[in-house]
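K.L.:
Spelled out from the first residue to the last, the chains are:
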Amino acid sequence: MIQSDLDRCELLVRYLLGRDCSKEELTQIADSANNYKEFRIRLFTSLGWVSGAKQVADKWVSFVSRSDDEKDLNEVLHALEAISQEQSKLEADLQEGNKILMDKLSDLDKVATMQIEARERLAEMRALLTKYRHAIANQVNSNQGKEIKNA
Amino acid sequence: MLERKDIAQLYTLILDRPAESDAVLNEKRTAGSLKDVALEMFMSEEFIHNNESLLKRFLT
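Chains as they are written, first to last, in our numbering: chain A, 1 to 151; chain C, 1 to 60.
The hints are simulated quantities; they were obtained by calculation from the structure and are not laboratory data.
Where hints are given, some of them may not hold.
From the structure, some residues in chain A lie toward chain C, with a derived Cβ separation under 8 Å [what the hints assert, rightly or not]: (1) Leu16; (2) Glu38; (3) Phe44.
Beta carbons are placed, not taken as given, at the ideal position from N, Cα and C, and that holds for glycine.
Produce the complete structure using the sequences and hints provided.
P.N.:
Pasting the structure below:
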């Protein structure tokens, strides 16, 4: 740790302990910290150094665990929101799919109706064609009969 | 009454900033001891929020 940080550590300890601390005492805690900010936390997590430290550490622990709970709750809420959005999207897709399906079924129905009408028309034309063929055949037979008589 | 300069020093040592005003400094001067003032600052929401990542690292 740099000297300016060590000076601040010494000053803070003096305020908290109400006295100067020995170099050995300071080094004992300062060694486990890389800088002044870490030292401030270490003072209270290394219990026994400052009376009343447990109260401070308990408050910090309470905050950290509450913060984790809130984080978990936020993650669940975000997940729920994402699922809800996905559900809305899927419902919209389903609705769009239904619309496309109904349009295609309607087209299919129209085509099937047209096909039925075309078949009926075709059957009518075949019947008419057969009728005309028979009429022509009868006419031809009748004409041939007349030619034989004349001959 | 506690010394103004000591309270001001605690602000910079613990909250990393000067006191908001003289009125705040004077109000703190009526505390029982400098240690009480320091502990109150260490337990403040401001200190906890400013040092959140360090607290999580050392306490979990």
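K.L.:
Evaluate each hint against the coordinates.
P.N.:
Structure-based check of all given hints:
1. A hinted interface residue such as A:Leu16 counts as satisfied when its beta carbon comes closer than 8 Å to some beta carbon of chain C; here the least separation is about 6 Å, so the hint holds.
2. At its closest, the beta carbon of A:Glu38 sits 6 Å from a beta carbon of chain C; the interface hint therefore holds under the 8 Å criterion.
3. Nearest Cβ of chain C to the Cβ of A:Phe44: about 7 Å, under the 8 Å cut. The hint holds.
Consistency with the previously given hints is maintained throughout, with no hint failing.
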